[in-house]
Amino acid sequence: MVILLEDVGKSYELDGKRLVVLDGVSAQIGQGEFVSLIGPSGCGKSTLFNIICGLAEPDRGKVLFNGREGVGAGEVVSYMPQKDLLLPWRSLLDNVILAREVDGVSRKEARREARELMSLFGLAGFENSYPSELSGGMRQRAALMRTVLARRPVLLLDEPFGALDAITRTRMQLWLLEIWANFRQAIFFVTHDIDEALLLSGRVYVLTPRPARVALHLKVDLPGPRSAEIITTPRFLELKKTIMEALLK
Numbered sequence: 001m002v003i004l005l006e007d008v009g010k011s012y013e014l015d016g017k018r019l020v021v022l023d024g025v026s027a028q029i030g031q032g033e034f035v036s037l038i039g040p041s042g043c044g045k046s047t048l049f050n051i052i053c054g055l056a057e058p059d060r061g062k063v064l065f066n067g068r069e070g071v072g073a074g075e076v077v078s079y080m081p082q083k084d085l086l087l088p089w090r091s092l093l094d095n096v097i098l099a100r101e102v103d104g105v106s107r108k109e110a111r112r113e114a115r116e117l118m119s120l121f122g123l124a125g126f127e128n129s130y131p132s133e134l135s136g137g138m139r140q141r142a143a144l145m146r147t148v149l150a151r152r153p154v155l156l157l158d159e160p161f162g163a164l165d166a167i168t169r170t171r172m173q174l175w176l177l178e179i180w181a182n183f184r185q186a187i188f189f190v191t192h193d194i195d196e197a198l199l200l201s202g203r204v205y206v207l208t209p210r211p212a213r214v215a216l217h218l219k220v221d222l223p224g225p226r227s228a229e230i231i232t233t234p235r236f237l238e239l240k241k242t243i244m245e246a247l248l249k
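Note that the working numbering has the sequence shown beginning at 1, numbered continuously upward.
Treat each hint with caution, since some may be false.
[Stated by the list, open to error] Straight-line distance between alpha carbons at most 20 Å, and here's what the computed EDC-like set of lysine to aspartate or glutamate pairs gives:
id	residue 1	residue 2
1	Lys62	Glu127
2	Lys17	Glu57
3	Lys241	Glu229
4	Lys249	Glu238
5	Lys83	Asp165
6	Lys219	Asp193
In case anyone wonders, no lab produced these hints; they're calculated from the structure.
I would like the entire structure built from these sequences, with the hints used as guidance.
See the structure below:
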């Protein structure tokens, strides 16, 4: 077990009233797993990620890392938010090594490590380019590379492909599966897209509208390696119907 969430609750004060965002969410992400979290807009998915990262404290419940409390989130998780947040004054190469530099690795060594992976991430030849010179898909690849290079056991990916066009998004989804197969870090993936969740994941948690609870925990028993064609198979459509029904309850 890498991350265990036990009965996590969170609320905020808004205009003098208590707004409950998470109401007893429990989930787990095991070593090397790909798990997706899906739910309606505003249900608290990003709030849950903030709690896992240590950016917010739960009102109740526990977040356990490797079965223990008191372990710093920075030792376990690397977080990629919805926006790529590349630094405009740094080259692509120097953007992707940022986490390694923060960990105390020399810039020379971090650059060497990154250069070895540029082809795998589809960024070879663009090392000296700046974010403004890159396409949306390339910026997301760079942001994911930075997240992977942090070398944490779990990647938290918060709708990383939400702003991309449909064709680029499909390509990025299949590419992400290749990256996951190479590195085998656990991935906890937030999405609004049922097809995306099923294409990528081994398990899916479905949240209710706010205040969020787990409405469904679904094992995705689809064969691998996955391809875009799998979304037309009878079993995929059955699983999609199951998730849709849980979302519409």
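Practice problem: Sort out which numbered hints this structure fails and list those numbers smallest first. | Solution: 1
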